[in-house]
Amino acid sequence: MTRKVLVTGADGFIGSHLVESLLDNGYEVKPFCFYNSSGSWGWLEELCDEKSKELDVFLGDIRDPVCVKEAMKGCDMVFHLAALIGIPYSYIAARSYIETNIIGTLNVLEAAKDLGVSKIIHTSTSETYGTAQSVPINEKHPLSGQSPYSASKIGADQIALSFWHSFNIPVTVIRPFNTFGPRQSNRAVIPTIISQIASGAKKIELGSLSPTRDFTYVLDTCSAYIAIANSNKVTGKVINAASNFEISIGDTASLIASLMQSKVDLCTDSKRIRPINSEVNRLYGDNSLIKDLTDWQPKFSGKNGFNNGLKKTIEWFQKPYNLSKYKHNIYSI
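With the first letter of the sequence shown counted as 1, position 40 gets the number 40 in full-length UniProt numbering; the numbers rise by one all the way through.
In short, the hints are calculated from the structure, not lab data. Note that CB positions come from ideal geometry on N, CA and C, so glycine has one too. Incorrect hints may have been included.
Think about it this way: if two alpha-carbon atoms lie no more than 27 Å apart in a straight line, the pair counts; the simulated DSS-like pairs of lysine-lysine are [claimed, not checked]:
1. 263 - 202
2. 299 - 311
3. 237 - 69
4. 325 - 202
5. 311 - 202
6. 312 - 325
7. 51 - 73
8. 233 - 263
9. 327 - 312
10. 53 - 4
11. 51 - 319
12. 271 - 53
Listed next, with one range per pair, are the computed distances between beta-carbon atoms [to be verified]:
13. 46 - 134: 19 to 29 Å
14. 3 - 40: 19 to 29 Å
15. 94 - 271: 14 to 24 Å
16. 70 - 302: 37 to 47 Å
17. 321 - 271: 43 to 53 Å
18. 162 - 273: 34 to 44 Å
19. 203 - 91: 21 to 31 Å
20. 277 - 333: 10 to 20 Å
21. 251 - 331: 20 to 30 Å
I would like the entire structure built from these sequences, with the hints used as guidance.
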């Protein structure tokens, strides 16, 4: 494997894990990280020196078309993950989500069109489905923009698919369900629970406890990307990456507390509750299509797989160096 690939959003949670997985699978990787004055590579800073030396890191801004095109030069394939993803912040800064998620995606597509990239894997989200109207949710499920974030991702997905229909640009849309694991932001519920318990809290503050989610461990999500990259059957398609397992937020919190051998009280914090019509009450994904089109099989599926993924995540968060990066006592949107 000698193909050089661009990974946008490589400095983030999923992006940094995907960079590692790609390196392990023999790819030459060019990570696109958000420009900052300190020159930080985000979570890529945590990679071992041996892997870091293999990277051709590019600092830029996905909203700048010239910057995106320059980053893409010499790359055969693009994994497009760069996005604003925090749902609560999208209620406050909706325009930023349009500019980053939709215009940023357009920049990637136009650059790929001009440069003749062989494959683009564009990242969607299960939030585009909204509350499940039928389960398990397959790729034909209606889309529903229940937050500015999800609406921006629907727009980005449709722009991506339009370049396939209009210009024959080889686009595939991967739609991950509720990815979790080490390095994830405290804006997500599993790190919120773990970091509070690991810091000694006995009263765990959460939003709504009744919604269900289909949690997918980050290494399964990364292997889904690579399976799609290696398949010649996926162009022009939307493909779920789901564990095909459903659990409520409340039960997830109780399970984590049990694994961490901690007795806690679960409390609903009004600041963490979404507007009533914006809450996605049920997500439970169908992963049969990706299994049909690729060789992907999740290693952390079902309750046992979920437990194993949680154990790995807890182990990472419990290391003092890692936990110190999280402000467990502050609700940051």
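Distance restraint evaluation - residue 277, residue 333, Cβ atoms, bounds 10 to 20 Å: Holds, at about 19 Å.
Pair hint outcome, residue 271 versus residue 53 [Cα-Cα no greater than 27 Å]: violated (43 Å)
Given pair status - residue 69, residue 237, alpha carbons within 27 Å: Roughly 24 Å separates the two Cα atoms, so the pair holds.
Range agreement (Cβ of residue 302 with Cβ of residue 70, hint 37 to 47 Å): holds (44 Å)
Range hint compliance [Cβ, residue 94 to residue 271, 14 to 24 Å]: holds (19 Å)
Proposed proximity, residue 4 with residue 53 (alpha carbon, max 27 Å): Given that 27 Å is the threshold and the Cα spacing comes to 15 Å, the pair holds.
Range hint compliance [Cβ, residue 3 to residue 40, 19 to 29 Å]: Taking Cβ atoms as reference, residue 3 and residue 40 lie about 27 Å apart, which means the hint holds.
Pairwise hint evaluation, residue 311 against residue 299, where the allowed Cα distance is 27 Å at most: This hinted pair holds, its Cα atoms lying about 14 Å apart.
Residue 325 paired with residue 202 [C-alpha distance capped at 27 Å]: Given that 27 Å is the threshold and the Cα spacing comes to 20 Å, the pair holds.
Residue 51 paired with residue 319 [C-alpha distance capped at 27 Å]: holds (22 Å)
Satisfaction of the hinted span 43 to 53 Å by the C-beta atoms belonging to residue 321 and residue 271: Given range 43 to 53 Å: violated, Cβ gap about 29 Å.
Residue 203 versus residue 91 beta-carbon gap, inside 21 to 31 Å or not: Because 26 Å falls inside the window, the suggested range holds.
Comparing the model with each earlier hint shows violations of hints 8, 12, 13 and 17; every other hint is respected.
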